[in-house]
Amino acid sequence: MNKLEGKTALITGGTSGIGLATARAFANEGAYTFITGRRETECDRFG
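Counting from 7, one number per residue, gives the positions in the sequence shown under my numbering.
Listed below are the simulated SDA-like cross-link pairs for lysine to any residue, each with C-alpha atoms no more than 20 Å apart in a straight line:
| id | residue 1 | residue 2 |
| --- | --- | --- |
| 1 | K13 | A37 |
| 2 | K13 | G25 |
| 3 | K9 | F40 |
| 4 | K13 | T42 |
| 5 | K13 | A31 |
| 6 | K9 | A27 |
| 7 | K13 | L26 |
| 8 | K9 | A33 |
| 9 | K13 | E35 |
| 10 | K9 | T28 |
| 11 | K13 | Y38 |
| 12 | K9 | A31 |
| 13 | K9 | R30 |
Hint data in this document are derived by calculation from the structure and do not stem from the laboratory.
Sequences are here, hints too, so could you generate the full structure?
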(Lines of atoms letter the chains of each structure in order from A and count residues from 1; the text may use other names and numbers.)
(Lines give C-alpha, C1' and ligand atoms only; values in the text may rest on other atoms or scores of the structure.)
Protein backbone atom coordinates (compact mmCIF):
# COMPACT_ATOMS: atom_id res chain seq x y z
CA MET A 1 0.00 0.00 0.00
CA ASN A 2 1.26 3.46 -0.91
CA LYS A 3 1.70 6.05 1.83
CA LEU A 4 -0.94 8.42 0.44
CA GLU A 5 -3.44 5.91 -0.97
CA GLY A 6 -6.99 7.16 -0.54
CA LYS A 7 -5.87 10.70 0.34
CA THR A 8 -6.61 13.81 -1.71
CA ALA A 9 -4.05 16.50 -2.57
CA LEU A 10 -4.56 19.93 -4.14
CA ILE A 11 -1.32 21.28 -5.61
CA THR A 12 -1.24 24.96 -6.55
CA GLY A 13 1.39 25.98 -9.06
CA GLY A 14 1.60 22.37 -10.16
CA THR A 15 2.44 22.88 -13.83
CA SER A 16 6.19 23.37 -13.36
CA GLY A 17 9.06 23.34 -10.92
CA ILE A 18 8.58 22.25 -7.32
CA GLY A 19 4.79 22.14 -7.69
CA LEU A 20 5.03 19.71 -10.60
CA ALA A 21 7.54 17.53 -8.76
CA THR A 22 5.28 17.49 -5.69
CA ALA A 23 2.21 16.60 -7.75
CA ARG A 24 4.05 13.72 -9.40
CA ALA A 25 5.37 12.43 -6.07
CA PHE A 26 1.93 12.55 -4.45
CA ALA A 27 0.33 10.80 -7.43
CA ASN A 28 3.05 8.13 -7.38
CA GLU A 29 2.27 7.51 -3.70
CA GLY A 30 -1.41 6.92 -4.52
CA ALA A 31 -3.04 10.28 -3.73
CA TYR A 32 -5.91 11.67 -5.80
CA THR A 33 -4.02 14.70 -7.08
CA PHE A 34 -5.61 17.91 -8.33
CA ILE A 35 -3.34 20.45 -10.01
CA THR A 36 -3.91 24.17 -10.52
CA GLY A 37 -1.74 26.69 -12.32
CA ARG A 38 -1.77 29.93 -14.27
CA ARG A 39 -1.37 28.33 -17.69
CA GLU A 40 -4.53 26.43 -18.65
CA THR A 41 -2.81 24.63 -21.54
CA GLU A 42 -0.23 23.19 -19.14
CA CYS A 43 -2.97 21.99 -16.77
CA ASP A 44 -4.82 20.36 -19.67
CA ARG A 45 -1.91 18.11 -20.56
CA PHE A 46 -2.41 16.19 -17.30
CA GLY A 47 -5.94 15.19 -18.28
